[in-house]
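*Asks:* Could you put the whole structure together from the sequences, leaning on the hints where they help?
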Amino acid sequence: MIETMPRSIGVAARFGQRHPRLIDALVALSWVLMTTPTLLLTASSPRFGWAAGLAFGAVVLVVAACLFAFRRRRPLFAFWVTFVVTLPLVIVGPDLLNLGAAYCVFAIAVYDSVRRAWLAASASAAITVVVSLSYLWIDPPVSIPNTGGTRIGDVIAYAVTGLLVLLVALLWGQNTGNRRRYIEGLLEHARHLERERDQQAQLAALAERSRIARDVHDIVSHSLSVIVRLADGANAVFDNEPARAKEAIGQLGAVARSSLTEMRRVIGVLESTPGAASPQAGTGFDDLPRLVEVYRGIGLPVQLTVIGDAPPQPGVQVAVFRVVQEALTNALRHASTPTVVQVLVRTGDDVSVTVLNDGAPAQGAADDHVGRGLVGMRERAALYGGTLEAGLDGDGHWTVKLILPGAGQ
1 MIETMPRSIG VAARFGQRHP RLIDALVALS WVLMTTPTLL LTASSPRFGW AAGLAFGAVV
61 LVVAACLFAF RRRRPLFAFW VTFVVTLPLV IVGPDLLNLG AAYCVFAIAV YDSVRRAWLA
121 ASASAAITVV VSLSYLWIDP PVSIPNTGGT RIGDVIAYAV TGLLVLLVAL LWGQNTGNRR
181 RYIEGLLEHA RHLERERDQQ AQLAALAERS RIARDVHDIV SHSLSVIVRL ADGANAVFDN
241 EPARAKEAIG QLGAVARSSL TEMRRVIGVL ESTPGAASPQ AGTGFDDLPR LVEVYRGIGL
301 PVQLTVIGDA PPQPGVQVAV FRVVQEALTN ALRHASTPTV VQVLVRTGDD VSVTVLNDGA
361 PAQGAADDHV GRGLVGMRER AALYGGTLEA GLDGDGHWTV KLILPGAGQ
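Per the UniProt record's numbering, the very first residue in the sequence shown carries number 1; after that it's consecutive.
A portion of the hints provided could be inaccurate.
[Said to hold, decoys possible] Using C-beta positions, here's what the derived DEER-type ranges look like:
#1 W172 to Q202: 57 to 63 Å
#2 A201 to R346: 35 to 41 Å
#3 W80 to H189: 30 to 36 Å
#4 L206 to L26: 32 to 38 Å
#5 T161 to T36: 52 to 58 Å
#6 P405 to I249: 41 to 47 Å
#7 S210 to I249: 33 to 39 Å
#8 G406 to V216: 27 to 33 Å
#9 P20 to H189: 21 to 27 Å
[Claimed, not checked] Calculated pairs, EDC-like style, for lysine to aspartate or glutamate (alpha carbon to alpha carbon, straight line, at most 16 Å):
#10 K401 to E379
#11 K401 to E389
#12 K401 to D358
#13 K246 to D232
#14 K401 to D350
Simulated from the structure, these hints should not be mistaken for laboratory data.
Fair warning: this is a prediction, and the values are worked out from it, not measured in the lab.
Virtual Cβ for every residue (Gly too), placed ideally from N, Cα, C.
*Replies:* Given below as structure tokens:
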């Protein structure tokens, strides 16, 4: 868990982030400038001369090129190249080896890993000690100044200086690298949170569209099924029983107006603030008797039994209403003969709905509409951790059963 935020970076750090190649060039240039005094001492020394000076200069340029090209992308490679090309010139002096290793160890700690930086620094330190001690038995190079003291004192001082340079480069690189990785971790965490937020927004939008699609399906399916049945009934009795036909037409208009009101409410949700949707009025627990009366009015015998009080969650009430509505719509559309539909709603700790159709479904009843309706009912059940089962029972009756565990509390 991230508990702190990094301090604001300075002007130099921001400049380095904007111009990384320029910084690499400056690093390579600083390497050349720091090794130039030893180069001049070597070239002017009678012991080595200009040939050694030219070799020294070539190595300096190779290391500078490595630092420029690879210190960020492949710092370990730059270290080994520097190590290999500078090792033969320890006879001139360990300056190249010490300084080159220090530059590369810093880069490894920053851009690769601290563990590898410690390994590289340890290898360089071991070589520095061995080479420095060898100068006790051979003539020291021109880069080791004669302080007027003993040779062993000069060599030890020179070795300690080289080791301190490596240690400073290692610790500085470790601190810089850890801070860099810490900031990168924060940025990656922020990007992850942003992606997660976008995904949650997309999922919320999909869930809202799915909910609205279910509502639209339920409204249209219910209203059109009732309207078609009322229109057919009015047409059948129009000549012989005009009063009943007029009553059916009046009911048809009432159903159409009610459905239009519900559709307007759903469309209003689409235009409102996301997440501000609330269960539609007229689709609650207390509206079940009204819903049943609509189906009874068009000739579908429905028996409604409610045991218990309304669930406290409005969304659960809407789910119960819509499941009963869809089950009655399917019974109206697909029953082969007039049947008795029994609706049992029971509330307590759990909420259950059972809709039993005493008649078997007509041939070909399992069409796309029924499939979409069942999918919508199952999605409503899943929203509250419930289940929905639909199919023929042992007696051949079509049964829809909804169970919402804990939804009545």
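*Asks:* Now tell me if each hint is right for this structure.
*Replies:* To see whether the hints hold, each was checked on the structure:
1. W172 to Q202: 57 to 63 Å: For W172 and Q202 the Cβ distance comes to about 45 Å; the hint is violated.
2. A201 to R346: 35 to 41 Å: holds, 38 Å
3. W80 to H189: 30 to 36 Å: Check passed, 34 Å falls within 30 to 36 Å.
4. L206 to L26: 32 to 38 Å: The hinted range 32 to 38 Å is violated for L206 and L26, with Cβ atoms some 52 Å apart.
5. T161 to T36: 52 to 58 Å: violated, 18 Å
6. P405 to I249: 41 to 47 Å: Since P405 and I249 have Cβ atoms about 45 Å apart, the given range 41 to 47 Å holds.
7. S210 to I249: 33 to 39 Å: holds, 36 Å
8. G406 to V216: 27 to 33 Å: holds, 29 Å
9. P20 to H189: 21 to 27 Å: holds, 23 Å
10. K401 to E379: holds, 14 Å
11. K401 to E389: holds, 5 Å
12. K401 to D358: holds, 14 Å
13. K246 to D232: Status holds; Cα separation ~12 Å.
14. K401 to D350: holds, 13 Å
When each numbered hint is compared with the structure, violations occur for hints 1, 4, 5.
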